[in-house]
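Asker: Given two chains presented individually in distinct reference frames, assemble the corresponding complex, making use of the accompanying hints.
So the protein sequences, as listed, match chains A and B.
Per my numbering, residue 2 is the first one in the first sequence, and the count goes up by one each step.
Per my numbering, residue 2 is the first one in the second sequence, and the count goes up by one each step.
In short, the hints are calculated from the structure, not lab data.
Be aware that one or more of the hints could be misleading.
Heads up, simulated DMTMM-like pairs for lysine to aspartate or glutamate below, C-alpha to C-alpha not over 20 Å straight-line [as the list claims (entries may be wrong)]:
| hint | chain 1 | residue 1 | chain 2 | residue 2 |
| --- | --- | --- | --- | --- |
| 1 | B | 483 | B | 415 |
| 2 | B | 86 | A | 244 |
| 3 | A | 344 | B | 429 |
| 4 | B | 465 | B | 435 |
| 5 | B | 483 | B | 435 |
| 6 | B | 483 | B | 431 |
| 7 | B | 351 | B | 384 |
| 8 | A | 379 | B | 435 |
| 9 | A | 95 | A | 347 |
| 10 | A | 379 | B | 104 |
| 11 | A | 110 | A | 278 |
| 12 | B | 136 | B | 118 |
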Amino acid sequence: MADLLSLTAHELSGKLDAGEVSVREAAEAANRRVEEVDGDLNSFVTTTPELALERAGRVDGLLRNGGVRPWEGVPIAVKDVLSTRGVRTTCGSKILEEFTPLYDASALKNFGDAPVMVGKANMDEFAMGSSTENSAYGPTKNPWDLNRVPGGSSGGSAAAVAAGEGWWALGTDTGGSVRQPAALCGIVGLKPTYGRVSRYGLISFGSSLDCIGPMTRDVRDSALLLQAIAGHDPRDSTSANVEVPDYLAGLDAGVEGLRVGVVTELMDERIDAGVREVVSKVAAGLEAAGAEVGEVSLPHAYYALEAYYIIAPAEVSSNLARFDGVRYGLRVQADGVHEMYRKTREAGFGAEAKRRIMLGTYALSSGYYDAYYAQAQKVRTKIVEDFRDAYARYDVLVSPTSPSVAFEIGAKTDDPLAMYLQDICAVPASLAGVPAISIPGGLADGLPVGVQLMGDHFTEPMLLRAARAAEQAAGFEFAPRP
Amino acid sequence: MQTQQRRTYQAVIGLEFHVHLATRTKMFCGCRVTYGEPPNTHTCPVCLGHPGALPVANERAIELGVMAGLALNCDVSERAVFARKNYFYPDLPKGYQISQFDEPICLGGHLDVPFGDETIRVGITRLHLEEDAAKNVHVGTSGRMHGSVGSLVDFNRGGTPLMEIVTEPDIPSPEAARATANHLKDILRAIGVSEADMEKGQLRCDANVSIRNPDGSFGTKTELKNMNSFRFVEKGIAAELQRQEEILAGGGRVEQTTLHYDPETDEVHELRSKEFAHDYRYFPEPDLLPLELSASYVGEIGERMPELPDAMRARFVERYGLSPYEAGVMVSDRELAAFYEEVASEADPKQASNWISGDFRALLNESGTGVSDSKVTPGHMVELIGLVGSGKVSRSAARTVLDVVFKTGERPSEVVEREGLGSVEADELDGVVDGVISSNPDEAERVRNGDKKVVGFLMGQVMKATRGNADGGRARELLLRKLGS
Numbered sequence: 002m003a004d005l006l007s008l009t010a011h012e013l014s015g016k017l018d019a020g021e022v023s024v025r026e027a028a029e030a031a032n033r034r035v036e037e038v039d040g041d042l043n044s045f046v047t048t049t050p051e052l053a054l055e056r057a058g059r060v061d062g063l064l065r066n067g068g069v070r071p072w073e074g075v076p077i078a079v080k081d082v083l084s085t086r087g088v089r090t091t092c093g094s095k096i097l098e099e100f101t102p103l104y105d106a107s108a109l110k111n112f113g114d115a116p117v118m119v120g121k122a123n124m125d126e127f128a129m130g131s132s133t134e135n136s137a138y139g140p141t142k143n144p145w146d147l148n149r150v151p152g153g154s155s156g157g158s159a160a161a162v163a164a165g166e167g168w169w170a171l172g173t174d175t176g177g178s179v180r181q182p183a184a185l186c187g188i189v190g191l192k193p194t195y196g197r198v199s200r201y202g203l204i205s206f207g208s209s210l211d212c213i214g215p216m217t218r219d220v221r222d223s224a225l226l227l228q229a230i231a232g233h234d235p236r237d238s239t240s241a242n243v244e245v246p247d248y249l250a251g252l253d254a255g256v257e258g259l260r261v262g263v264v265t266e267l268m269d270e271r272i273d274a275g276v277r278e279v280v281s282k283v284a285a286g287l288e289a290a291g292a293e294v295g296e297v298s299l300p301h302a303y304y305a306l307e308a309y310y311i312i313a314p315a316e317v318s319s320n321l322a323r324f325d326g327v328r329y330g331l332r333v334q335a336d337g338v339h340e341m342y343r344k345t346r347e348a349g350f351g352a353e354a355k356r357r358i359m360l361g362t363y364a365l366s367s368g369y370y371d372a373y374y375a376q377a378q379k380v381r382t383k384i385v386e387d388f389r390d391a392y393a394r395y396d397v398l399v400s401p402t403s404p405s406v407a408f409e410i411g412a413k414t415d416d417p418l419a420m421y422l423q424d425i426c427a428v429p430a431s432l433a434g435v436p437a438i439s440i441p442g443g444l445a446d447g448l449p450v451g452v453q454l455m456g457d458h459f460t461e462p463m464l465l466r467a468a469r470a471a472e473q474a475a476g477f478e479f480a481p482r483p
Numbered sequence: 002m003q004t005q006q007r008r009t010y011q012a013v014i015g016l017e018f019h020v021h022l023a024t025r026t027k028m029f030c031g032c033r034v035t036y037g038e039p040p041n042t043h044t045c046p047v048c049l050g051h052p053g054a055l056p057v058a059n060e061r062a063i064e065l066g067v068m069a070g071l072a073l074n075c076d077v078s079e080r081a082v083f084a085r086k087n088y089f090y091p092d093l094p095k096g097y098q099i100s101q102f103d104e105p106i107c108l109g110g111h112l113d114v115p116f117g118d119e120t121i122r123v124g125i126t127r128l129h130l131e132e133d134a135a136k137n138v139h140v141g142t143s144g145r146m147h148g149s150v151g152s153l154v155d156f157n158r159g160g161t162p163l164m165e166i167v168t169e170p171d172i173p174s175p176e177a178a179r180a181t182a183n184h185l186k187d188i189l190r191a192i193g194v195s196e197a198d199m200e201k202g203q204l205r206c207d208a209n210v211s212i213r214n215p216d217g218s219f220g221t222k223t224e225l226k227n228m229n230s231f232r233f234v235e236k237g238i239a240a241e242l243q244r245q246e247e248i249l250a251g252g253g254r255v256e257q258t259t260l261h262y263d264p265e266t267d268e269v270h271e272l273r274s275k276e277f278a279h280d281y282r283y284f285p286e287p288d289l290l291p292l293e294l295s296a297s298y299v300g301e302i303g304e305r306m307p308e309l310p311d312a313m314r315a316r317f318v319e320r321y322g323l324s325p326y327e328a329g330v331m332v333s334d335r336e337l338a339a340f341y342e343e344v345a346s347e348a349d350p351k352q353a354s355n356w357i358s359g360d361f362r363a364l365l366n367e368s369g370t371g372v373s374d375s376k377v378t379p380g381h382m383v384e385l386i387g388l389v390g391s392g393k394v395s396r397s398a399a400r401t402v403l404d405v406v407f408k409t410g411e412r413p414s415e416v417v418e419r420e421g422l423g424s425v426e427a428d429e430l431d432g433v434v435d436g437v438i439s440s441n442p443d444e445a446e447r448v449r450n451g452d453k454k455v456v457g458f459l460m461g462q463v464m465k466a467t468r469g470n471a472d473g474g475r476a477r478e479l480l481l482r483k484l485g486s
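This is chain B alone, in the form it adopts within the complex (with noise of 0.2 Å):
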């Protein structure tokens, strides 16, 4: 019903993200890059703003910067310029924070969201660098600063870098949004770029919501801000959508105001009102030289990128005979992509994508085990899907063979011989096809008269009594001979 509602209206979005970038230390200083340590146990006069301590820029920061903006299909500027952005405020110790203004690293670009059936293109307008501030902890109250008595700053994440990456407003729905933040997630991971993790707050997104109006002429817009995962960018962009439709159906005005996304109430609510925006004072930072980026730099970083989620798929789909969704599947964890490439090298492709994006996917999941952590090795995958191929263990009996490798690491070969899991010899599955017709007389023949359903209990049987290593096709096509039928 509201989605039909919405559509009488043109949604335009824009999104911006914050991505805490995958270096070992902070934007301008050596200190390392931590979450959950101690308050203030990462810390240095750089980053604790100390008079006379000096930003030097983190090169490995740039140089994911540029991985991001290349993923992106951005310009990378030959020159980039850090600029100063003046406020006050106490998780900020030097009254500043270094950013970049109107020389950012890289300008222009898209992203194409697969959107179900569809892709959607969304512009980048801008992606720069800047560092993180440091996060004030309110004592006394749920964590605001309003009737707190007293407030403590953790210097930590002080100047963490960060990237920010500016679309343009071309995304039609909250639920494209959602497909948008989730495609960026993806490829940064990719590029190896940020763990993009947003319940650990690495990828923060705020959107910039409006209606069009009837005429087609843009309508005010707001600025919903920190929302912490990809289902309350999808609700909160939703929310803010539905309460600025009913302001306009009752004939109100929209304000240009900054809200935030309570996910308990399924609301927005101000934050503050634009009039009281901050004057920056932005102006170069004097303390650092321009980035002279040239093109024989971002050329090198360019060849030495990974391959992009995107083209991943297409050559996964390509190359080994996968569906989309199943190449999809493989190409959203890199590792598993990994691996599975090293298995469809020597095992059937889509034997390879069955095992590993089923039953191995489902075991590193319950497990919450990573790929290369897992005993299972590409090896043991393509042992194991050898011996089902060639009937030597059954399908069923290698689930139970891949439950231990994963467990033991040991081979799957070792795991059939010690527990007795290989196929039932032909000779001896036709006795026991024979011992299980005799033994049920009447479902045997209500299958020979026809009825089907009842093959299924009788499979069971013969299961049962080879203790599941029956070659359950073989024993069907037998079960189905033997009753005529």
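Only chain A is shown next, with the shape it has when bound in the complex (with noise of 0.2 Å):
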């Protein structure tokens, strides 16, 4: 069974279907490997073993008459923010720990009724965060070294893919989280074009920003990943109505021709020289196969973070405010109805959700929206042009995902600006909405480096292409630790 363990998503995938292996036999590994390192790990909240193996059992019945769709059987673990019908859905709050849904979010409708889902992965609180340390249930671990973070907010996603928790998860990116904990746990991380894949169920953090997507063991799964949740939903007016290429298809093509255009900007001295050698041997890797590289500027790339941290924190002052102990979660029963919401909201959340809330609370306010909101959505607008001009040349560009490997947990926690820091290398593609992938590198410091794809509007064949050389040029071998 070790041996399952270390198969890839699509490895298993055919293994199903070709009757080999048996959806209840992954499961049962899955819950098996979950029982065995989750204790140092915790990166579940709630662990869904039955639950995996009853709709196990169901995949199992509809692959004897054929008709399964590759996905469906492959054991996942979901981060802890998507909507999951009758499966408690915290976010990583407090606030809503009695808190379960009465419906699936949408991205998970295409695995039939509901994935084989292991649990739900851990978090920080309403993904505000880069490290997993603003969880109240505890912070997740670094499956490389157990006193390192594994990044965040969808730590506890790309934690349970490293340590093989499952064979993939979904995570969700704002503004990198799901591409820096996968570059800090050695896996891939995509995050699609905004509006690829429905927001219906994900417990909005930035509206405008908020991206569901892949955290897997290589690019073929997260291709596979993307294929089942990608696609136009009715109930999401932000979602695309763009149709979903098949996203396997030429995955192998190669890079011969494609324009690659490394970012001046993220590789700069303020990224980690290890992480700046990493990326550099990846991008003579892609020459190598046939790519033209270059260089490519975007100016306002280091803006970004500072308008990230007005629109995020504004957005999340905004849709935050629905829970008030009125309808669900947790209630502080107070005399009167403001000491009830003030109550309820102080035990709620915790200091980072508060700080966020505040800091958006004043952005928005009247006689600062000018100066600060107002402010940040030009600087996004310079962001999309920056975006635009690059594309006019190059077709991929690349970049660290984060500034630095894994840190030791802990580090960054008194100094919220150096945490925010992280996100420096990512936050640019998630206010431009592209799509943008972090495949393992290499080893920096003996931790993984995560090194960033970025591609243009709905570009995703394509940039999984590019992915897929850059992984095999960095020539990365998945391995679940520890």
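Answerer: Below is the structure:
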């Protein structure tokens, strides 16, 4: 069974299809692995071993009759920010500790009734953080080094995949929350084009930025999982009514003639030398594989972080207003409705959530709106223009995913600004809404380094092809850890 | 006396209307719009603001918004943006209301309000779409939160489509404000945008009221909230104007406040001071894309728009020779107007108007029946008018016939036949008149001597003798001729 755990999702899918392994056996293997390692890792807020087995049995039944889509039977971890019917969904927050949604997120609809889910993955509260230390359910550990963070906010999803507690996971990315933890845990993380995957059922953080993305062992698995979750959804007005292409077709076609630009602003001294080295090596590998590699400038890249930390908190301050103790989740009894609101939110939200609610409330308040929110939106427009200019000359942009490898637990918790800098490479693509993928490019100080590739809107097929070539150039081999 | 006093000041009144749109479903979800259903029976994750649920704008509501804008002569925006209006209240499940702020669906426009013999033009500042809040019910008191033992929320209303219409401060008096509200209701009903029933809360009205200073500068304005009938719009504003006048007359200053009109006492009460006003932290709703309303989209809606009341009234006066008043009666009820047009196409238009706006409408009102639910068809009405016109049935008998048709849906001629209501033939009438004259010699003599008042008495006798089936005109003519006067 150890063999089973080191397969990629598409390899497992092949074996399920061929009848060499049953979905039930796969689910049992994942459940055992969770039991074995999750006490140390804390990848999950909620584990669902029985649910996984029940759904595995159902998919096994369907498999015998044929007609099962290739992703359906492969056990998965789902970030606890995605609504799952009948399974509590906490968002890593105390305020939703007892909350059980009435419906499944639309992204899960393509899994038949529901995916073979091993559990709800741990995360920074309401997806706010870069280390998964902000969870009300305790921090997740990095499977490469239990003293280090897995990145965030999808740290639980990343750790679960890296540790083999499931073959893949769904994360969400608002300003890098899929890519950065993928980088820090040595796996592949894809943030699709904004609007490519329905947000219905994704508990909103920054509505204009939130994306659901695959977190997988390799690029082919990302393509497969994206195939499962992509598509237009009439329940989400911001989901794009654009046809879903075949993401697996042409995946191995190579990068001959592809124009690749390395982003100069994201390769300066603010990025650790070891990280830059890995990125350069992968870029050279792409060149060797036939790509034209040059340098490209995103002149407003560093302002992106500042704009992001206005826009995202502004949206958070509004999105988290619904957690008021009136209809669901935590309620602290008090005299009068305003006292009830105050005490409920005081007790229910952690420090980072409160910090961002305050920041966002300030940025939107009358007299400050123009100075902060409106200004940040102008910067966002500049970033969009930067990308447009860059894509006039290049097909794919390359940068580090994160400025450093995984840091030690507690190292940045007292310095929010240092923590925010973790997202410096990831945020520009988020503001522009373009797709971006992080692949493991190699090691620095014995820890994984992520290389980020960015494409233009809805160019996922090309981006995945480039990422596949980069992955081959890097020669990084996946193996479950610890 | 009050009116006199008021004229020494100049009132400045602007109105804000909240209109429930006549859609089947809510503004941002598929839940049905209902009234009076058991609490919380028409809700879903979207209108309850559950985590992860997202709004989808109701296309029909947008269409109705555009229709209203066109009817009010507004510029329909090419691009409209939904915004979040953030505040905490238990009836607001998301912690914000989705509304429109700096880019509403319509801007600028006007409404020509018939007011006595003149017409007042009231400018429209803006028109926008939003969702209604849910409803709080405070238990153990008369509905006030203060002192209640508990509060319940009914989310059936939450998310119902609303349209807000804001007028310019062009309205000169409380009476004109009432007329404006009334005329707006007529227009909204005519184009099917809303039932606009104030009693049902489908049309709610707030007023901004101030008194212009003697030097012509604007006075401090107060906001009068939630007046729920046309009468209270007038009375509430009048009460507030009087309050402001008294303050100014006493040398005081009007404070900027929000007020509530209490119809029981005919007084206004302060709700809250403006200095506690919310900072709503408006920003563009990121869950909804901006609306793009192309010229062709708006043009298509314009072409499908029903005729507006003003135009229809003018046409009725022109084509059917009705007085503006008669035309107005017909136009105020879209179904009645359609019924009238069908009848007037085959019968005398003037007679048709008399019958429809008079007897027929009275029967409808008494029984609380709508035109379309009534058993009387336009065909029945044409036939009835024909029977009267040809002298086959007297006017009074025809009223009886209509009563029966209204109840049974029979053809008028069948009713006449069965009930024996046909007009008395000329020969027979001649005999009846002679008989009445001979059996009432005193009265006959008085008529001969020129006392015309007594003719009525003799007419009554003729009618009695013919059970009302005599043609009144002919009977009177005969009487007068025979009595040589």
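Asker: Confirm or reject each hint.
Answerer: Hints and how they fare:
The suggested pairing of residue 483/B with residue 415/B is violated, with an alpha-carbon distance near 35 Å, which exceeds 20 Å. Of the pairs offered as hints, the one joining residue 86/B and residue 244/A is violated, with about 34 Å between alpha carbons and a cut-off of 20 Å exceeded. Proposed proximity of residue 344/A and residue 429/B is contradicted: the alpha carbons are some 94 Å apart, above 20 Å. Of the supplied pair hints, the one linking residue 465/B and residue 435/B holds, its CA atoms being roughly 14 Å apart against a limit of 20 Å.
Among the hinted pairs, residue 483/B with residue 435/B is consistent with the structure: their alpha-carbon atoms are about 8 Å apart, no more than 20 Å. Between the alpha carbons of residue 483/B and residue 431/B the distance comes to roughly 10 Å, so the proposed pair stays at or under 20 Å and holds. Between residue 351/B and residue 384/B the CA atoms are separated by roughly 15 Å; this keeps the pair inside 20 Å, and the hint holds. Using a Cα cut-off of 20 Å, the hinted pair residue 379/A and residue 435/B is violated, with the two alpha carbons roughly 99 Å apart.
Between residue 95/A and residue 347/A the alpha-carbon distance is near 11 Å, which keeps this suggested pair within the 20 Å criterion. With a C-alpha separation of about 18 Å, the suggested pair residue 379/A and residue 104/B falls inside the 20 Å cut-off, and the hint holds. About 41 Å separates the Cα atoms of residue 110/A and residue 278/A, which puts this hinted pair outside 20 Å; it is violated. Among the hinted pairs, residue 136/B with residue 118/B is inconsistent with the structure: their alpha-carbon atoms are about 42 Å apart, more than 20 Å.
Comparing the model with each numbered hint stated earlier shows that hints 1, 2, 3, 8, 11 and 12 do not hold.
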